[in-house]
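As you go down the protein sequences, you meet chains D and E in turn.
Per my numbering, residue 1168 is the first one in the first sequence, and the count goes up by one each step.
Per my numbering, residue 182 is the first one in the second sequence, and the count goes up by one each step.
Simulated from the structure, these hints should not be mistaken for lab results.
It is possible that some hints are incorrect.
Unchecked claim - Cβ-to-Cβ under 7 Å is the rule here; a few derived chain E residues that face chain D:
# : residue
1 : Val406
2 : Thr421
3 : Tyr540
4 : Gly555
5 : Gln583
Unchecked claim - Restraint ranges, calculated between C-beta atoms of paired labels, are given here:
#  : chain 1 : residue 1 : chain 2 : residue 2 : range
6  : D       : Phe1432   : E       : Ile215    : 32 to 40 Å
7  : D       : Ser1428   : E       : Leu230    : 51 to 59 Å
8  : D       : Trp1197   : E       : Arg395    : 49 to 57 Å
9  : E       : Gln428    : D       : Arg1554   : 36 to 44 Å
10 : E       : Val267    : D       : Leu1453   : 38 to 46 Å
11 : E       : Gly537    : D       : Ser1428   : 47 to 55 Å
12 : D       : Leu1453   : E       : Gly271    : 37 to 45 Å
As the list claims (entries may be wrong) - Computed list of chain E residues with no C-beta within reach of chain D, every gap over 12 Å:
#  : residue
13 : Arg212
14 : Gly271
15 : Leu272
16 : Thr277
17 : Val288
18 : Gly295
19 : Leu324
20 : Asn416
21 : Phe443
22 : Leu459
23 : Tyr465
24 : Phe476
25 : Gly527
26 : Pro581
27 : Leu591
Backbone N, C-alpha and C define an ideal beta-carbon position, used for all residues, glycine too.
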Amino acid sequence: MTDTLVAPSATPKHEDERRGVLQQMLDSSWLLIVTAVVLALVASSVLVAAADQDVQKTATYLFARPSDFFAALWESVYAAYSTLFRGAIFDYQATGLRRVRPITETMTASVPLIFAGLGLAVGFRSGLFNIGAQGQVLVGAAAATYVGIAFDAPAGVHVALACLAGIAAGAAWAGIAGILKARTGANEVIVTIMLNSIAFQLISYLLTTSLLRQGGTRPISPAVADTAQLPLLAGASFRLHAGFLLALLAAVGVWWLLERSTLGFRFRAVGANQRAARTAGIRVNLVFVLVMLVAGGLAGLGGAAQILGTDKQLQASSAGSIGFDAITVALLGRSTPLGTVLAALLFGALRAGSPLMQSSAGTPIDIVQVIQASIVLLIAAPPLVRRFSALHWVAGIAGSTKKKEAHA
Amino acid sequence: MSTVADPQPSQPVELDAPGSAPMVQAKVGWRGPIVYGVVSLISLVVFGLLTPGSDRTRFMVSSSRDLVDIAPFAVPSRLTAVLVSVLALGLTAWITRETLARRKVAVWVPVLFGFLVLVAFLVWVMAGNDNALPLTVLLTGALTLSVPLIFGSLAGLLCERSGIINIAIEGQLLAGAFLAVVVASLTGNPYTGLIAAPIAGAIVGLGLVLFAVRYRVDQIIVGVVLNVLVIGVTNYLFSTVLTQNPQSFNSPPRLPTLPIPFLSQIPVVGPVLFNHSLVVYLMYVAVAVLQVMVFRSRWGLRMRAVGEHPKAADTVGIPVNLTRIKNTVLGGAVAGLGGAALVAAGLAFTKELTAGRGYIALAAMILGRWSPKGALAAALLFGFADSLRQVLGNLGSPVPSQFLAMLPYLATIFAVAGLVGRVRAPAAEGIPYVK
Chain D
1168 MTDTLVAPSA TPKHEDERRG VLQQMLDSSW LLIVTAVVLA LVASSVLVAA ADQDVQKTAT
1228 YLFARPSDFF AALWESVYAA YSTLFRGAIF DYQATGLRRV RPITETMTAS VPLIFAGLGL
1288 AVGFRSGLFN IGAQGQVLVG AAAATYVGIA FDAPAGVHVA LACLAGIAAG AAWAGIAGIL
1348 KARTGANEVI VTIMLNSIAF QLISYLLTTS LLRQGGTRPI SPAVADTAQL PLLAGASFRL
1408 HAGFLLALLA AVGVWWLLER STLGFRFRAV GANQRAARTA GIRVNLVFVL VMLVAGGLAG
1468 LGGAAQILGT DKQLQASSAG SIGFDAITVA LLGRSTPLGT VLAALLFGAL RAGSPLMQSS
1528 AGTPIDIVQV IQASIVLLIA APPLVRRFSA LHWVAGIAGS TKKKEAHA
Chain E
182 MSTVADPQPS QPVELDAPGS APMVQAKVGW RGPIVYGVVS LISLVVFGLL TPGSDRTRFM
242 VSSSRDLVDI APFAVPSRLT AVLVSVLALG LTAWITRETL ARRKVAVWVP VLFGFLVLVA
302 FLVWVMAGND NALPLTVLLT GALTLSVPLI FGSLAGLLCE RSGIINIAIE GQLLAGAFLA
362 VVVASLTGNP YTGLIAAPIA GAIVGLGLVL FAVRYRVDQI IVGVVLNVLV IGVTNYLFST
422 VLTQNPQSFN SPPRLPTLPI PFLSQIPVVG PVLFNHSLVV YLMYVAVAVL QVMVFRSRWG
482 LRMRAVGEHP KAADTVGIPV NLTRIKNTVL GGAVAGLGGA ALVAAGLAFT KELTAGRGYI
542 ALAAMILGRW SPKGALAAAL LFGFADSLRQ VLGNLGSPVP SQFLAMLPYL ATIFAVAGLV
602 GRVRAPAAEG IPYVK
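Model the full structure from these sequences, guided by the hints.
Right, here's the structure in full:
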């Protein structure tokens, strides 16, 4: 459906010359991303404030005593974002080691997002829009769970086997879409969306059978064996597990694959221009299958890490919204490995911080989705960020006056 | 419908892509007969021969308000299933002959084939069940459940025919459903919800087209992200405003049923087609009007020109981006109406009420090859599978409900991969137009 994923720069060339040096500096992608994140937080704070009952109450006599309104406004927004920060980065109200627990939670939450996001990034770079991370994560999680509960093996071997099972299952699941695309031209967007739903139903069914079920009436698997769990990295008081290191390794691996290997070159060539790639002798259909295998394997490993490291037990809802969040992660990370890791950490922070925000500040967890979506929308449209950011606005005025001076 | 006279020249025709080698053509030609053959053999063996010979399958057709009362009847399960499967095999043989002669198979053939296999499946799944299969209930449910999908696929079609990929159908449905519930609850009048829903959908459509045309962001990205945004905003408002005061915000009245005089009393057809609320009748009108307008009007021709070859369209003076903006906003409004249809039964809003229906609608649009009547047929297929799951869930069946729930998705994959093959989207879809 798409040939390239990176949006073409929306600013025509001649406008570039018109803008000042300062403004061109502000266009650098890092500043753009930071500005977009800030703008998204500001935009979401409108929702936070609108749902706050104190704000609603003071708004009824806004013109009589505006100070009350703005105090309540500040109060609600500050409470939400400060608890989000305390839950995600550093809890300055706690004591001892608990103060740094939030940042490890953020890292833990980001693990499946990194894996699945990397998988999607490989697909995006190759021109395949794989929406199927959700299903791939789920089947990967299920396969890893099965190995984790059904077999006995020594500690290191067992966890490795479980991870491999996750990779294999995810790759196979995504491979269906790849093979169908290669053999019949079936649109991968449709097939992967369908495979997501099928995976959910399949795992729901398997959780009612003796293959995965614990025994009770609830459709939940028993906990995986101790030998199959990913080792904890920072002691028993933290949930951070070795999956985080694996994820970082995977990011390096994907970087090498995409930037340094022949295979990765073929992937990118197909992503850049399928016809040219075919003319150059690249077997495009084979690339489709390989890309989906890599993407699915990574997503499957993400699912495995979620079970073996964090959840220990499988439910039909184990994948949560990992697969869909991973799409935004890969987009925000501009489909580069480093970007994906950083984006996954950001979204992991939002996931890790939101429960505290909900319990202490009373702001529902759902605001996180709004923030995530706003960030990605803003990143995707740099001119929009420029229009709304005060910094860019000031720079724009400075630039245009300078230009006038030069003309005069 | 005949194979020769294709009334829509712009309809995607299989296998006419320039440059495809003859070898590829031969392979594609064989895939159809193989798929049909395998399916009918499965039908023959599993649904027919493996059914115990003594079982009978009961059907119930009448509802209380019919003019003529048809008594529930029963058929011998194995015999019926075998007979129908043999017919399907015969059809396969005919398809094979047609393929060998390199003739294209008419549209009614897969429809008839699907119907035959479906009958075999129904006979098998209800074999030996003491309850009768309520056909009228099943079909009415199928239509009701498919209405949001139909509106959704029409929305997708309106956008894609003009060159904008609309993945945000999900968000448009959800926004429409949300606003319909809130407005109908606040005013106490269900028809106000029906007016409000298209506005919500149109706003999402406007967001999509703003990013797609003004900022030239990749349209699939915008669509996916808009879905997340709408899910986030509606979830957030649900957890705050709607749960704080469910009485005034989240208790919409039911959209009244308007039975059409006389027509609604015909057995089976009446209750299935002519005993619904206004939104279903609106769907009939929308499909009919769009089928004509898209392929037979100046408006439709311009829309398709913009979607296929924007430069040519621009050269003859059609405003490309304006057409796209209008169509996407209109599409969003249509999808919003689908959201209203989703909650027409007076349902309260819940988190992620649409549950992926927007994506199913997208699949229906592709399966229906970007034409309103095709979208209608594909959406009805999905609605039927959903309805079947609900009915069989109540009656009990040998198939676990999860597998029944999988059916529409599996059918889509089979159709997209096996029978439809390389469908051809509007050529300029997803590409921003710059003069």
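So, going through the hints one by one against the coordinates:
1. Interface hint at Val406(E): satisfied, since its Cβ lies 5 Å from the closest Cβ of chain D, which is below the 7 Å cut-off.
2. Proximity of Thr421(E) to chain D holds as hinted, the smallest CB-CB distance being about 4 Å (cut-off 7 Å).
3. For the restraint placing Tyr540(E) at the interface with chain D, the shortest Cβ-Cβ distance is roughly 5 Å, inside the 7 Å limit, so the hint holds.
4. The criterion of a C-beta within 7 Å of any C-beta in chain D is not met by Gly555(E), whose closest approach is roughly 14 Å, and the hint is violated.
5. Hint on Gln583(E) holds. Least Cβ distance to chain D is approximately 4 Å, under the 7 Å limit.
6. For the pair Phe1432(D) and Ile215(E), the beta carbons lie near 37 Å from each other, so the given range of 32 to 40 Å is met.
7. A beta carbon spacing of about 53 Å between Ser1428(D) and Leu230(E) agrees with the range 51 to 59 Å that was offered as a hint.
8. Here the CB-CB span from Trp1197(D) to Arg395(E) is close to 24 Å, at odds with the stated 49 to 57 Å.
9. Range check, Gln428(E) to Arg1554(D): Cβ separation about 41 Å, and the 36 to 44 Å hint holds.
10. Checked against the hint of 38 to 46 Å, the C-beta distance between Val267(E) and Leu1453(D) comes to roughly 41 Å, which is consistent with it.
11. The supplied range of 47 to 55 Å is broken by Gly537(E) and Ser1428(D), whose beta-carbon atoms lie about 36 Å from each other.
12. For the pair Leu1453(D) and Gly271(E), the beta carbons lie near 39 Å from each other, so the given range of 37 to 45 Å is met.
13. Under the 12 Å C-beta cut-off, the non-interface status given to Arg212(E) relative to chain D is violated; the minimum distance is some 7 Å.
14. The claim that Gly271(E) is not at the interface with chain D holds, since no C-beta of that chain comes within 12 Å of its own (minimum 26 Å).
15. Separation of Leu272(E) from chain D is adequate, the least Cβ-Cβ distance of about 22 Å exceeding the 12 Å criterion.
16. Every C-beta of chain D lies more than 12 Å from that of Thr277(E), the closest at about 19 Å, which supports listing it as non-interface.
17. At the 12 Å boundary, the C-beta of Val288(E) stays outside the reach of chain D, the nearest C-beta of that chain being 19 Å off.
18. Interface exclusion of Gly295(E) from chain D stands, the closest Cβ pair being 17 Å apart, more than 12 Å.
19. Once the 12 Å rule is applied to beta carbons, Leu324(E) is consistent with being away from chain D; the minimum gap is 22 Å.
20. Some Cβ of chain D comes within 12 Å of the Cβ of Asn416(E); the nearest lies about 4 Å off, and the non-interface call is violated.
21. Against chain D, the non-interface label of Phe443(E) holds: every CB pair exceeds 12 Å, the least being about 41 Å.
22. The beta carbon of Leu459(E) is kept farther than 12 Å from every beta carbon of chain D, the shortest such distance being approximately 31 Å.
23. In this structure Tyr465(E) is separated from chain D by more than 12 Å, as the shortest Cβ-Cβ distance comes to about 27 Å.
24. Listed as outside the interface, Phe476(E) is consistent with that label: its C-beta sits roughly 23 Å from the nearest C-beta of chain D, beyond the 12 Å cut-off.
25. The beta carbon of Gly527(E) sits about 24 Å from the closest Cβ of chain D, which is more than 12 Å, so the claim that it is off the interface holds.
26. The Cβ of Pro581(E) sits about 5 Å from the closest Cβ of chain D, inside the 12 Å cut-off, so the non-interface label is violated.
27. With a least beta-carbon separation of about 7 Å from chain D, Leu591(E) fails to lie farther than 12 Å from that chain, contradicting its non-interface assignment.
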